[in-house]
Amino acid sequence: MSLLRPTAILLEKELRSELRSRELITTTFVFVLMVLVLFSFTFDPTSTESRRFGAGLLWLALLFAGSLMLHPSFTREQTNDTLAALRMAPLDPVAILAAKILANFCFLLLTEMILLPVFAALYNLRIIGVLAPLFLVMALGTLALSTVGTVFSAVSSYARMRELLLPLLLLPLLTPALIASAEATSGLLDVSPSLSISWTAFLAAFDIIFLTVTWLFGEYLLEE
Amino acid sequence: MAQAHASSTLSPASAAKPASSQGLETIGVALLLAIAGYCALFVAPTEATMGQIQRIFYFHMPFGITAFVSFLISFYASIAYLRTRAPKWDLLAVSSAEVGVPFITVMLVTGSIWAHPVWGIWWTWDARLTSTFVLWVLYVCYLLLRTLIDDPERRAVISAVFNIFAAFDVPFVYFSIWFFRTQHPQPVIGGGGSLDPRMFDVLVVCWVATLAMLGLLLRQRYRLEALRHEVAQLRMEAGSPGEQL
Amino acid sequence: MDTASPKSASPGVAVEFQHIDKRYGAVFALRDVSLTFGAGECVALVGHNGSGKTTLLRIAALLARPSGGLLRFSGDGMEATGGDIAAKRRIGLVAHHTLLYDELTAEENLILFARLHGLDHPQQRASAALGPANLSRRARDPVRTFSRGMRQRLAIARALLPGPGLLLLDEPSTGLDAAGQEWLGEVLVGLSKDGCTIVMSTHGRRDADGLVTRAVRLAAGRIQEDSGPGGNPDRVLASALAGSEGS
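Residue numbers (numbering that gives the first Met the number 0), protein chains in the order written: chain A, 0 to 223; chain B, 0 to 244; chain C, 0 to 246.
These are calculated hints, taken from the structure and not from any lab test. Mixed in with the good hints, there may be bad ones.
[To be verified] Computed, partial: chain B to chain C, Cβ under 8 Å:
1. D149
2. D150
3. P151
4. R234
5. M235
[To be verified] In silico contact screen, one side only, chain A against chain C (beta carbon under 7 Å); selected entries:
6. S1
7. L2
8. P5
9. D80
10. A84
11. M87
12. E222
By construction, the Cβ of each residue, glycine as well, lies at the ideal position given by its N, Cα and C atoms.
Same shape as in the complex, but just chain A:
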C-alpha cells in the first residue's frame, strides 16, 4: 500500500530522529511547566479554584507549547531539502503528512503523560481515580492539536513570519477542540468526576473530520 507502509517507515524515522536529540520533548515539557507555574500566580491554586481554572489553563499551555513545537516539523525538511527526497519516493504524499502527524502526536502525548502528575501536584488535583478516561481525553485532544498543527506547520513553512503565523492560525481553528478538551478534562477533575460523553464524542468527531480533510487535501501542501 502506498500509504500505510510508507507512513510506518517515515514514522519510525521521525521517532528515531527525535530519540537521538530529544530536543522537542524536553523543550516542550519545560515550556508547559513554566507556563503552569506562571499561571499559578494568577489565582490561588487551592483545590476549589484549580478545579475551576486548571483544565483550561493546562490545555491553553499545551496549545501554546504545541504551536511552538510543531513549527520545526516541516522547516526541518527544508535544510537539506529532504522533503524533495521524500516526494520523489514512490509513495502517496499524504504519507509524509500522516507520519509527521502521528510522530508529533506521540511526542506531545508523551510530554503530557510526564506532565500530568506534576500538574496535579502543583494544583492540588486528584487524578488517580480517573487515569483511564483522562488518558482518552488527552489523547483525543492531542490528536486534534497534532493534526491541525502539523498541517498548518506545512502551510506556514511557505510564508513569511512563519514562527508567529503558526500559533496565529492554530488558535482560532483549534478553539472548538480546546473548549471540548478543557470541558471534558474539567469534568474529570471535578469533586465527583465524570466523563462527558458529549464532549468526548465531539473531540472524536473533530479528529475524524480533520484527519479526513487532511487526507483529501493535504498533498496540495507539498507541491512545488
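With the hints as your guide, set chains B and C onto chain A.
Chains B and C in isolation, oriented as in the chain A frame:
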C-alpha cells in the same frame, strides 16, 4: 501529469460592464437598501421590551447571514481552484472572503451597539456573538496568510487548503460554543422567542437588500482582482525576454 | 574504488518535454521548452546560473509542477505521465542539496530510502552501496559529521539505490575531490552501458570523457542550442565553456 496550457489570461473586459450598467446596479442596490432601512425604521412594529434599539436587529441578522453566504462562496471557490487550477477561482475565493469580513464586522458592531442600551454591557460572550467573532478571526487569518506568501501560484494553493480547513471548522466552532453556553450561560443578545409576522417580513426585506449589496460588492471586488491579475500577467510577458532568475 | 554497477539496472527511460513553462511568481524559469531525451542518451545540460537547468531537472524528477505543457515518460514497459507513482520508481536525482538527514547515519539514510522505494533487503543494499562510494568505514556515523565530498558521494549512492532508468544530476561534481570525480565517472560509464538515460547539468566542463552523447544549452529559460540525438556535442559544450570563461 497531463497539463493543460496555463489558463489563458482572464478577460475582465468580459466581466466589466459599461459604466452606465454599473451605475444602474449601484442605484438599484442603494434603492433596495433605502427601502429596507425605511421598513426597519417605520414599518416594523416596536418591540415590546427593548424599544427602538431593537430595530438594529434588522441589519444585525441579515449582515451575519450574508457574511456566511460569502464565506460559503469562498469555500466552494477554493475547492474549485484546487481541482481546476483556473486562476478565476482563486480570485473569487479571495474576493468573497474579503467582502465577507466587513459584513461580519458590521454584525459584531451592531451586536455591541444593541447590547449597550439594553443590557448595559458592550459585549457579551453569548454563543452567537462569540462564534461569529472566531469566524471573523479565521477569515482575517486567511487574508493575512495570503499577504505573507509571495509566489502567486503557491499562495493560491496554500490559502485554498487553509480556507477548506477553516470552512470545516465553522460548524465545530458554532456547536462547541453553543454547547458550552448551555452549561455556562451568559446574557443572550436577541434571538429568543418567536417573531411577529410583520417583523419577519421586514427581516426578509432587509436580507434581500443585504444580499443585493453583497452581490454588488463581490462583483466589484472580483473585477478589481481580475484586473490586478491581468496586469501581473502582462508584466510577466513583457519582462520575460532575457529575464534571469 | 570499484566501479559501481547497480544490481537491478534496467533499460533506460525516455523523457519528453512538450512546451513546458515554469513560472515562479513573476519570473519565467522555463519558457516553452520542448525536448525529448531518448532512452540511453547521455545528455549534458549547459548554461549559466539561472538559465533554467535546475528547474528542468526538478520538473523531470517530478518535484516541480510545470505551469504549462506536458511531461511524458516512456520505456521499459512504462507509459506514464508525470504524477504516477510508478514513474517515481525509475527516476533518481542528485540535486543541489544533499537530500540527506544529517542526524541519521549514512547507513540509516540509505536504508530509509531503500525501504521507501520498496526495495528488498534494504540493509544489504545499503552496505553494498556504501563500499564503492568509499564510505563503509563511516557507515555508522551521522551525516552531520561528514565532509562536503563525503556527503556528495552519499547523495550519489542514494540516487543509485533503486537502479534508476533515468538519472538526473545537477552539477554532481560539486564538492568532489579528484578521486570522487573519478568514481562518479566510472558510475556514469557503468550506468550508460546498462542503458540508463543520464541528464546532467554542468558548466561546460567535461565531466565524463566520451560519455556525453548530446549537449543542450539553455539561457533565460529557453533552449539556445541542441546538438541533437545523433549529433556531436562538442561544439555546444565548447561554446558553453567559452561563454562561462568569458563572463
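The hints, checked one at a time:
1. Interface hint at D149(B): satisfied, since its Cβ lies 6 Å from the closest Cβ of chain C, which is below the 8 Å cut-off.
2. The closest approach between the C-beta of D150(B) and any C-beta of chain C is roughly 4 Å, which is under the 8 Å cut-off, so the hint is satisfied.
3. Satisfaction of the interface hint for P151(B) is found here, the shortest Cβ-Cβ separation to chain C being roughly 6 Å, below the 8 Å cut-off.
4. With a cut of 8 Å, the hint placing R234(B) at the interface with chain C holds, because the nearest CB-to-CB distance is about 6 Å.
5. The beta carbon of M235(B) comes within 5 Å of a beta carbon in chain C, closer than 8 Å, and the hint placing it at the interface holds.
6. Among the interface hints, the one on S1(A) holds; its C-beta lies about 6 Å from the nearest C-beta in chain C, closer than the 7 Å criterion.
7. Because the closest C-beta pair between L2(A) and chain C is about 11 Å apart, greater than 7 Å, the hint is violated.
8. Below 7 Å, beta-carbon pairs count as interface contacts, and P5(A) has one with chain C at about 6 Å; its hint therefore holds.
9. Interface hint at D80(A): satisfied, since its Cβ lies 4 Å from the closest Cβ of chain C, which is below the 7 Å cut-off.
10. With 7 Å as the threshold, the beta carbon of A84(A) comes within range of chain C, its nearest partner Cβ sitting at about 4 Å, so the hint holds.
11. Because the closest C-beta pair between M87(A) and chain C is about 6 Å apart, less than 7 Å, the hint holds.
12. Checking E222(A) against chain C by beta carbon gives a least distance of about 6 Å; that is within 7 Å, so the hint holds.
Violation of the numbered hints given earlier is confined to hint 7; every other hint is satisfied by the structure.
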